[in-house]
Amino acid sequence: MTLTLRGVGYRYPGTSRAAIDEVDLELRDGEVVGLVGPSEAGKSTLCLVVSGLAPRTVGGRIRGTIALDGEDVDAWPMHRMAERVGIGFQNPATQLSQVTGTVFEEIAFGPMNLGLPRDEVLARTHEALATLRIEELAERDPLRLSGGQQQLVAIAGLLAMRPAHLVLDEPTAQLDPAGTRLVGDAIAALAAGGASILLAEQKTDLVASVASRVVVLAEGRVALEGPTDEILADPRLEELGVPPPSAVRLRRAVTAAGLDAAVLEGALR
Amino acid sequence: MIELRTEGLVHVYREGGVRALDGVDLRIGPGERVAIVGQNGSGKSTLVRHLNGLLRPTEGRVLVGGDEASGLTVAALARRVGLVFQDPDRQVFSGSVKREVEFGPRNLGRSGRELDAAVRGALEATGLTGDEATNPYDLGVARRKLLALASVLAMSTPVLVLDEPTTGQDARGTDRIRDLVAGIAAEGRTVVAITHDMRFAAEAFERIVVMRRGRIVADGPPRDVFGRTSWETLASTYLEPPLAAVVGDRLGLGSTPTEDDLVNALRRRSGASA
Chain Z
1 MTLTLRGVGY RYPGTSRAAI DEVDLELRDG EVVGLVGPSE AGKSTLCLVV
51 SGLAPRTVGG RIRGTIALDG EDVDAWPMHR MAERVGIGFQ NPATQLSQVT
101 GTVFEEIAFG PMNLGLPRDE VLARTHEALA TLRIEELAER DPLRLSGGQQ
151 QLVAIAGLLA MRPAHLVLDE PTAQLDPAGT RLVGDAIAAL AAGGASILLA
201 EQKTDLVASV ASRVVVLAEG RVALEGPTDE ILADPRLEEL GVPPPSAVRL
251 RRAVTAAGLD AAVLEGALR
Chain A
1 MIELRTEGLV HVYREGGVRA LDGVDLRIGP GERVAIVGQN GSGKSTLVRH
51 LNGLLRPTEG RVLVGGDEAS GLTVAALARR VGLVFQDPDR QVFSGSVKRE
101 VEFGPRNLGR SGRELDAAVR GALEATGLTG DEATNPYDLG VARRKLLALA
151 SVLAMSTPVL VLDEPTTGQD ARGTDRIRDL VAGIAAEGRT VVAITHDMRF
201 AAEAFERIVV MRRGRIVADG PPRDVFGRTS WETLASTYLE PPLAAVVGDR
251 LGLGSTPTED DLVNALRRRS GASA
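Same order as they appear, the protein sequences are chains Z and A. Sequential numbering of the first sequence, starting at 1, is according to this note's numbering. Sequential numbering of the second sequence, starting at 1, is according to this note's numbering.
Keep in mind the hints are simulated off the structure, nothing from the lab. What you are looking at is a predicted structure, and each value in this text was computed from that prediction instead of being measured. Every residue gets a Cβ at the ideal spot worked out from N, C-alpha and C, and that includes glycine. Heads up, a few of these hints could be off.
Partial list, derived from the structure: chain Z residues whose beta carbon lies under 7 Å from chain A [to be verified]:
hint : residue
1    : 241
2    : 257
3    : 261
Here chain A is said to cover these stretches of chain Z; the calculated rule only asks that three of the stretch's residues, wherever they fall, bring their Cβ under 8 Å from a Cβ of chain A [to be verified]:
hint : region
4    : 60-71
5    : 112-120
6    : 189-201
7    : 245-252
8    : 262-268
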């Protein structure tokens, strides 16, 4: 399963400026691609475009080509896109169905709508709860959880769908470090199962731990792209307004002080 | 400048009966910079909502500037404690950036030059100068968050409470917020921030309060709270010290919660061996 973008540009309805332009991107099977960039670089827009919500639901105008496994998706209706590409939003409140009474039902809601057999729905729901270690929330009302807990529930709902392609827009924005790590583990597990994942994140420590490639967006265009280690250590990253991962920052601070950063290496692993 | 104090504060949410705060005793002095950390659901947001009267204690009391918060009107509390929500969309409602920022100080009775100065200062501190006429919903979510911060800043309250201020901010936004915290404290005003970003907590705050299941389990300067002896406590609420602290400990440099601390400790050691 490959998701390919060629020369993709997109304008929101009523605007004259392209929010993203000339974006080439390829998401292969089992691959996690990190999407980083300063605020308003177009990361969320690109997530909407890759998921098919823009322009299908959001409106606006798109150009270029998006293909799933070589097939142009231009004419596909939203429900067909949604079967193949899952999307997780930054704000979990926009993600929750608002129609379920418990966390368990909320997570089961997606797979039930896929028309899966009952046993399969239950198995997937239990597995998603366990993966994110939120079993104890199963009977709670999703709308009465903390922001971070809601975010974990929303991600569990996506996991239960087992999408072939998954787009995550800052999935850990409201999560504590442990929650962030659980989401990282869940992403890695999904990718190991063959899913391809586009992960937009400000937390470059998370990107460093799960992504094999990184795409840097700036002003709607791809500014840098390449293997994770290379891109996240690129000095241009900071100029573009992206915080480098902690380890890169430490090495840099030590070097800037005129000391040998080699002293850190043993302690960084 | 005022003191904040909670005494035996308990909060039980009526729906679900969740005991979000389970006896919190906390005293925050005027001009302190305090970061509150802890896992999701540990009671951080519930605690700060008591500081400006959004929630009332189930048991115990909250004192704001010596007065019990439950005895003050919402308006009186709003003059003392400004709260910036995690989600700006719970807060932003005006048609332009300028009107949004003006709303608070206007309600406090400011006008004319005083109002203009408050608005200008808040926009400058948040990097929104030049966006006065912009519709808040044309700003990206990161800048809308800075706008929510500006609108509370403009009220010049002696206490500022920030819920997850750096979430979703890029490197520049985070640097701006760090400068802003330092600037507010330099004026003798108090800053209390909830954060999941341990590096930000260690660099921008002089005191770290760690919460777990509605209680305070550690409270002290970054050097102590992120030092080796506290790691077990941090782990009990699923937190980890910043990388600089871990690396400093592995290198036998003692407690180095920030990059600067680590660099200085390395310098001292290389100076001593030279």
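Exercise. Given residue 241 of chain Z was flagged as interface, is its beta-carbon under 7 Å from a beta-carbon of chain A?
Worked result: holds (5 Å)
Problem set entry | Within 8 Å of chain A (C-beta), three or more residues of the region 245-252 of chain Z | Holds, because 4 residues of the region 245-252 of chain Z bring their Cβ atoms closer than 8 Å to Cβ atoms of chain A.
Exercise. Was the hint right that residue 257 of chain Z lines chain A, CB cutoff 7 Å?
Worked result: holds (5 Å)
Problem set entry | Proximity test - 8 Å, beta-carbon atoms, the region 262-268 of chain Z to chain A, at least three hits | holds (count 5)
Problem set entry | Per-stretch coverage check for the region 112-120 of chain Z, three Cβ contacts closer than 8 Å to chain A | That given contact is violated, which follows from only 0 residues of the region 112-120 of chain Z lying within Cβ reach (below 8 Å) of chain A.
Exercise. Do three or more residues of the region 189-201 of chain Z come closer than 8 Å to chain A, measuring C-beta to C-beta?
Worked result: It is violated, with 0 qualifying residues against the three required.
Exercise. With a cut-off of 7 Å, does the beta carbon of residue 261 of chain Z approach a beta carbon of chain A closely enough for the hint to hold?
Worked result: violated (10 Å)
For this session: Establish whether the coverage given for the region 60-71 of chain Z by chain A is satisfied; the threshold is a Cβ-Cβ distance below 8 Å, and no fewer than three residues must meet it.
Result: violated (count 0)
Checked against the numbered hints above, the structure violates hints 3, 4, 5 and 6; every other hint is satisfied.
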